[in-house]
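Q: This is what each chain is made of:
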Amino acid sequence: MRRIDRRWVVAASLVVAVVSLAWGLGQRQTRDGLRNALEAAYQRQFYTLIDQTEQLNVLIGKTLVSSSAPQTVAQLSEIWLRANAAQDALTNLPVTGVNLSSTRKFLAQLGDYAHSLSRQDRSRTALTQEEKERLARFEDELAKLSSQLHSLQARLERTGFRWAQAAPGTTRPLLGGARAQGPQGPDDLRVLGDVEKRLQQMPTLIYDGPFSDHMEDVRKPRGLKGPVIGQDEAQAIARRFANLPPGYRLVGKPNTVRGRFPTFAATFQTRNAPTRIIVHVTRQGGHPALLMNSRPVDASRIGAEDAQRRAGDFLRKKGFAEMIPTFTAQDNNAATISFVPRRDGVVIYPEQVKVKVALDNGQVVGFDATGYWTFHQDRKLSSPRLRAEEAAARVSPSVQVEETRLALIPDRAGKEILAYEVRGRRSDGTYLVYINAMNGKEEAILKLVDTPSGRLTM
Amino acid sequence: MNKTLKMMVLVSLLAVLVSLGFFIAGANAQERRTLWWGRSGNDVALVQDTLRRWGYYDGPISAYYGWRTLTAVASFQRNVGLPPDGIVGRNTWAALGYPSVAAAVARGGGGGWVNARSDELDLLARVITGEALGEPYDGQVAVAAVILNRVRHPSFPNSLAGVIYEPWAFESVGNGLIWSRPPAGAAYSAAADALNGWDPTFGAIFFWNPYKPVSWWIWTRQIITQIGRHVFAI
Chain U
1 MRRIDRRWVV
11 AASLVVAVVS
21 LAWGLGQRQT
31 RDGLRNALEA
41 AYQRQFYTLI
51 DQTEQLNVLI
61 GKTLVSSSAP
71 QTVAQLSEIW
81 LRANAAQDAL
91 TNLPVTGVNL
101 SSTRKFLAQL
111 GDYAHSLSRQ
121 DRSRTALTQE
131 EKERLARFED
141 ELAKLSSQLH
151 SLQARLERTG
161 FRWAQAAPGT
171 TRPLLGGARA
181 QGPQGPDDLR
191 VLGDVEKRLQ
201 QMPTLIYDGP
211 FSDHMEDVRK
221 PRGLKGPVIG
231 QDEAQAIARR
241 FANLPPGYRL
251 VGKPNTVRGR
261 FPTFAATFQT
271 RNAPTRIIVH
281 VTRQGGHPAL
291 LMNSRPVDAS
301 RIGAEDAQRR
311 AGDFLRKKGF
321 AEMIPTFTAQ
331 DNNAATISFV
341 PRRDGVVIYP
351 EQVKVKVALD
361 NGQVVGFDAT
371 GYWTFHQDRK
381 LSSPRLRAEE
391 AAARVSPSVQ
401 VEETRLALIP
411 DRAGKEILAY
421 EVRGRRSDGT
431 YLVYINAMNG
441 KEEAILKLVD
451 TPSGRLTM
Chain D
1 MNKTLKMMVL
11 VSLLAVLVSL
21 GFFIAGANAQ
31 ERRTLWWGRS
41 GNDVALVQDT
51 LRRWGYYDGP
61 ISAYYGWRTL
71 TAVASFQRNV
81 GLPPDGIVGR
91 NTWAALGYPS
101 VAAAVARGGG
111 GGWVNARSDE
121 LDLLARVITG
131 EALGEPYDGQ
141 VAVAAVILNR
151 VRHPSFPNSL
161 AGVIYEPWAF
171 ESVGNGLIWS
181 RPPAGAAYSA
191 AADALNGWDP
201 TFGAIFFWNP
211 YKPVSWWIWT
221 RQIITQIGRH
231 VFAI
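Chains as they are written, first to last, in the working numbering: chain U, 1 to 458; chain D, 1 to 234.
One chain only, chain U, in its complex shape (with noise of 0.2 Å):
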């Protein structure tokens, strides 16, 4: 082997060294580069989240002094933007050493609560005592949180602060990377936890809006009845109920799901066929509440109006009676139908419960009667105050009515309503009217969106 030449080797190395070098100054300035444009948008955001909050101190003292009931509203709805664009600033921030969930809370809480206000009828009085005391609460919070706001920006500003540091443990900096932009540590944004824990101390808010202190209390379920049940008898309960082909196994014992809706999960599997077959039962009163079959579906073969057929079937057979359908969605090669009883006239839509039918061979591969056994119970529902033509003939007449008929729908804030459901055609498509049936008021509106995929509802 011929000995190489210590000019080939120096030549070489140098061309490796020169190259390398060239490629680490070129990745530095690109990483900069990017960098510089996260920061950016970070700093908006900031900025962003401050000015919004300035904005929404002054908006609410306006409202609080404002006495005509136009402008009030208007403020209302101001108020409404401007919380969520602050709420959306500050999710958008990568803030890691706090957790800051009461505070996006308050945020969200403060426009939609303005929002619920700004729906009602606001033709006799601006605003009620109680609801001006609620806001006033808001508005000494909220002046705390622009303060120190203000005094958060001034102090990152002073210290050279950045936003766009690597997370621990994720990327090093390179030496002199972040460093050399000044101190920063998670001690900057100490302040932010401050805010965070006064705000847990806000007191519970109940009004009729989504995002209300009751909400959780309305998901908890009431069709429940019956003894609590064992994990041996939920596995015989979900091993009838899912009528298992031969050959699949219970894999290990069922699962506790705690919280809203206690149930057992068994999840049964077979060697030879690739799925998992996994049941809930409710621990309270023993009731199958879920299905989903993983198996992969083969092309479609069957039709929607025969899957929709076969799930009804299946619905009687396990005893839920009275159910129609309402809505159809297809992916997959598999259709997903959901039903609601109607009893005495009246579509009872809290109650629903979806089936899931695949499409080559019309078998069940998913249930879920989740919304029937939170909500269902015996009611004794007033009779109408309106008739059928009467609800009608409130709905726009740029609507061609079709059908009309009883509902029960739950509105915002999950009180069950007794409504007429208008179902008419306009040039754009097909809209359901929801008209109280008690006091001829409009209560919702809900398009229906035609895809190859399904009927959406938006």
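These are calculated hints, taken from the structure and not from any lab test. Note that the structure is a prediction, hence the values are computed from the model and not measured. Careful, some of the hints might be misleading.
Simulated coverage check for chain U against chain D, where a stretch passes if three residues somewhere in it have a Cβ under 8 Å from a Cβ of chain D [unchecked claim]:
(1) 145–158
(2) 259–268
(3) 285–298
Heads up, the beta-carbon is just placed ideally off N, CA and C, and yes, glycines get one too.
Use these hints to put chain D onto chain U, whose structure you have.
A: Chain D in isolation, oriented as in the chain U frame:
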């Protein structure tokens, strides 16, 4: 002198090629390569995920074709009547549910559905693949359900993209897996189920892997259940 020059040109070309290699290495091929022991990549991760869900493979989704993956593949091939050589070729891919016809197979529809919610479906499928590859089916649905529950919760952003892209919320966004891993077929089913309302946690807004280091704060949340390698809490 000529020979010196030629040598220097050759060596510098080599150095340039080596540097270029750093750039190309990041790209991924999405075609169905033939896989055998020693290969690595996202398609290996896909094989591991599929076999794990079906009970053949119980190791980590390492994207590296090692001994455990080999025995799992051979076991699967034996079961479906293919020669158990441990090599994932055309026939084995087809048996796993990924026939060689490219594109849109993952969506499972022949006619190329245009779903009005396809943006939500794509986004959710990507997050499921990034966060819960290798998890049981109900675990994947649960991950998507957590995201949808967060959209409806006052402490979180009001949109799907807002929840998913919240800084430092999801590991697969922070490390880029959400874009580099092509969504697995089952992820679309799981995403569709979650969008249709299925939630095996009945309201969870947090999930984490209890065997990985996480912030102490998250352990103060009320735990609902554990599915696969994830704990779900509210």
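Q: How about the stretch 259–268 of chain U: do at least three of its residues have a C-beta closer than 8 Å to a C-beta of chain D?
A: Our answer is that it holds, as 6 residues pass the Cβ test (under 8 Å) against chain D, meeting three.
Q: Examine the stretch 285–298 of chain U: at least three residues should have C-beta closer than 8 Å to a C-beta of chain D.
A: holds (count 5)
Q: Check, residue by residue, whether the stretch 145–158 of chain U contains three or more positions whose beta-carbon lies closer than 8 Å to a beta-carbon of chain D, and give the verdict.
A: violated (count 0)
In this structure, the one hint that does not hold is number 1.
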